[in-house]
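One line per chain: the protein sequences are A and B, in this order. The opening residue of the first sequence carries number 1 in our numbering; numbering runs sequentially from there. The opening residue of the second sequence carries number 316 in our numbering; numbering runs sequentially from there.
It is worth saying that the hints were derived from the structure and are not from the lab. Quick caveat, the model's predicted, so the values are computed rather than measured. Any given hint could turn out to be false.
What the hints assert, rightly or not - Beta-carbon label-pair distances, calculated as ranges:
no., chain 1, residue 1, chain 2, residue 2, range
1, B, Pro626, A, Gly141, 26 to 32 Å
2, A, Tyr71, B, Arg488, 56 to 62 Å
3, A, Ser90, B, Asp589, 36 to 42 Å
4, A, Tyr275, B, Arg550, 50 to 56 Å
5, B, Ser443, A, Phe81, 49 to 55 Å
6, B, Glu370, A, Gly196, 48 to 54 Å
7, A, Leu53, B, Ile619, 41 to 47 Å
8, A, Gly196, B, Arg440, 30 to 36 Å
9, B, Leu445, A, Leu53, 22 to 28 Å
10, A, Tyr71, B, Ser443, 45 to 51 Å
11, A, Leu171, B, Gly373, 24 to 30 Å
To be verified - When the alpha-carbon atoms are kept at most 20 Å apart in a straight line, the in silico SDA-like pairs for lysine to any residue are as follows:
no., chain 1, residue 1, chain 2, residue 2
12, A, Lys259, B, Asp589
13, B, Lys477, A, Tyr275
14, B, Lys475, A, Gln277
15, B, Lys475, A, Leu86
16, A, Lys87, B, Val474
17, A, Lys87, B, Leu470
18, A, Lys259, B, Arg594
19, B, Lys477, A, Gln277
20, B, Lys477, A, Ser279
21, A, Lys87, B, Lys475
22, A, Lys259, B, Asn593
To be verified - Residues of chain A clear of chain B, computed beta-carbon distances all greater than 10 Å:
no., residue
23, Leu86
24, Gly142
25, Pro189
Cβ coordinates follow ideal geometry from the N, Cα and C atoms, glycine included.
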Amino acid sequence: MEQDAGGLVEGALTTGSDTLTDANRLSPLAASLVRQPRRTGIWQVIVRQRLALTGIILVAVFGLLALIGPYVAPHGKTEQFSGQRLKPPSREFLLGTDEFGRDVFSRLLYGARISFEVGFIVVGIAASFGVFFGIIAGYRGGWTDNIISLLSDIIFAFPAVLLAIAVITMLGNNLTNAILAISLVYIPPFVRIVRGSTLTVRNSAYVEAARSIGVSTPRMLTRHIFPNITAPLIVQASIAFALAILSEAALAFLGLGNKAPEPSWGSMVSGSYGYLQISAWPAIAPGVAIALTVLGFNLLGDGLRDALDPRLRNS
Amino acid sequence: MGAFILRRLLLLIPVLLGVSIVVFTMIHAIPGDPTQILVGTDQLISDEQREVIREQYGLDQPLPVQYGKWIGRVLQGDLGTSIRTRRALTYELRLRLPVTIELTLLAALLGTIPAVAVGVLAAVRRNSRLDYFATVTTLVGISVPNFLLATLLVLLFSVKLKWLPPIGYVSIRQDAVQNLKVMIMPAVSLALPLAAILMRYTRSSVLEVLSSDHVRVARAKGLSQRTVLGRHVLRNASIPIITIAGIQVATLLGGTVIIERIFSLPGIGSYIVDGINNRDYAVVTSVTLVMSTIFVLVSLLVDILYAVMDPRLRKGT
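Take the sequences, apply the hints, and build the full model.
Here's what the structure looks like:
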């Protein structure tokens, strides 16, 4: 399946008859699972593509909120309305108010920006380091590979939340350090994926050809190897985006990273959790926002996986 | 198989060494004067006292020497003392570890058995309602943060229906029924992501085996569906399922930090958060060390189990 980056997303959505003939390509999310379906129901194809489409829509909607949220929010992010605490949704407060009388909807809009910033920065850092070390480990092999793999294994040896907590304890409790901590946690999966793909590409004929005409190692890695391992990388980036948002929310829920009045979705849930008996809106709404955004990126990741490379389906 | 297990055990050494170095670095990288951290950041101490502590803990020696001494103490079961309670951390952890272990085991139980059952059924009855239910559960399970699920459960079962208490830990020895009532919501919240991922892998793994030649042969011989599934499909599908289950059960440990916090369970997960809030850094580092060691050991056990189960590895390649 030769496709350029632009056609990839589109590929997930095409319902053309050509896709119907290739059983491996279609099977939807659930599908990820099927290697050799004996008969592929058209229903499955539709579901699968609908799921990918849902993912794109969710990501687009929340991405847009993150972009324009602060400009369209009806109230300030820390603006308090005394005497309006823990009110149910109304025309003035679309999702009700929280324990300080702040508008939950406005805070949700501001919070979207925090989540997306975290996602972008974490994926940027984790992918950069992951690609750098993964490609070197895969290409050089030998001791270089052993050392890089061992370092990855050591990071993997910590439960993710715990490692992030440890890093934040060392560096200090603020959002920047939380982002650094989460980035560190998600480097190893990138290293593993890039390393694995590099290993398969390394022995191909065109790499050998390039080597035989004396292409330098940096040029080899950037011009010949890297462009051929981008497919799994893009899928991993989408999934890592979802995980980064989840991790930031979890840390914020524990009071780590995000600082008090700032409206990170995780902090919003933990702040209002104690008031469930009076009003569930301020705790549930941001929680649902996290779930929908993460769902969007997961579906997008699955869709991209199908579109980019059917062989990746079971990895 | 012996060779595989031996190799795996050897790999354990550098990984555990690495983990201990990370934790040791963490102890020394914590901002502030280490003597101050040892006595507690809210205590005033004189320079003489500082000197005494420095000598007592060997803080005046080079770092590799300090590491050697520290790891020696850790191996003897001395993790230091909590600044807040002035009690040995080994003692503090022993009080709390059973809660975390019970929670993890309960979640592992709830997250594996139903997930595998549904996964198998979903694969056998592909495209049925159950299959779509499994697909949707998987999606929800990997996307819903565990603290949202916990919040929803509390809202339904504690606030609305008033069936289960939202907090108030009772140990299993005091009252087993009450203990279960307190533990069930935390365990379910913790188990969902595990169940989601496991269901997905079970389904895919069973589907793969179902479409293999030996299953077709078994069917052609006229064996009953039950025999085909039990003897030919599940046995082959179980190996990857066990691997994934093991990895996921190990990751449950990390999730306990949040879940114990929400439900005020006195395990080591909420202990580490208390440690951060009280600036009791010895608590943070010791819990990190203990949890990651358990994590590494569980992963090792899974790998060994894998080797025992897989006949291809049993031959000793």
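Taking the hints in turn, this is what the structure says about them:
1. Pro626/B to Gly141/A: 26 to 32 Å: Given a distance of about 30 Å, which is inside 26 to 32 Å, the answer is holds.
2. Tyr71/A to Arg488/B: 56 to 62 Å: Holds, at about 58 Å.
3. Ser90/A to Asp589/B: 36 to 42 Å: Holds: the Cβ-Cβ distance is about 39 Å, inside 36 to 42 Å.
4. Tyr275/A to Arg550/B: 50 to 56 Å: Between Tyr275/A and Arg550/B, where Cβ atoms are some 52 Å apart, the hint holds.
5. Ser443/B to Phe81/A: 49 to 55 Å: holds, 51 Å
6. Glu370/B to Gly196/A: 48 to 54 Å: Holds - the Cβ-Cβ distance for Glu370/B and Gly196/A, about 51 Å, lies within 48 to 54 Å.
7. Leu53/A to Ile619/B: 41 to 47 Å: holds, 44 Å
8. Gly196/A to Arg440/B: 30 to 36 Å: At roughly 34 Å between Cβ atoms, Arg440/B and Gly196/A fall inside 30 to 36 Å, so the hint holds.
9. Leu445/B to Leu53/A: 22 to 28 Å: For Leu445/B and Leu53/A the Cβ distance comes to about 24 Å; the hint holds.
10. Tyr71/A to Ser443/B: 45 to 51 Å: Taking Cβ atoms as reference, Tyr71/A and Ser443/B lie about 47 Å apart, which means the hint holds.
11. Leu171/A to Gly373/B: 24 to 30 Å: Check passed, 25 Å falls within 24 to 30 Å.
12. Lys259/A to Asp589/B: Given pair Lys259/A, Asp589/B holds - Cα atoms ~17 Å apart, limit 20 Å.
13. Lys477/B to Tyr275/A: Judged against 20 Å, a Cα distance of about 16 Å means the pair holds.
14. Lys475/B to Gln277/A: holds, 8 Å
15. Lys475/B to Leu86/A: holds, 17 Å
16. Lys87/A to Val474/B: The hint holds at about 17 Å.
17. Lys87/A to Leu470/B: Roughly 17 Å separates the two Cα atoms, so the pair holds.
18. Lys259/A to Arg594/B: holds, 17 Å
19. Lys477/B to Gln277/A: It holds: about 11 Å lies between the C-alpha atoms, which stays within 20 Å.
20. Lys477/B to Ser279/A: Holds - the C-alpha atoms of Ser279/A and Lys477/B are around 16 Å apart, at most 20 Å.
21. Lys87/A to Lys475/B: OK: Lys87/A and Lys475/B at ~18 Å, within 20 Å.
22. Lys259/A to Asn593/B: holds, 17 Å
23. Leu86: Non-interface label on Leu86/A holds, nearest chain B Cβ at 13 Å vs cutoff 10 Å.
24. Gly142: holds, 16 Å
25. Pro189: holds, 13 Å
Comparing the model with each earlier hint shows no violations; every hint is respected.
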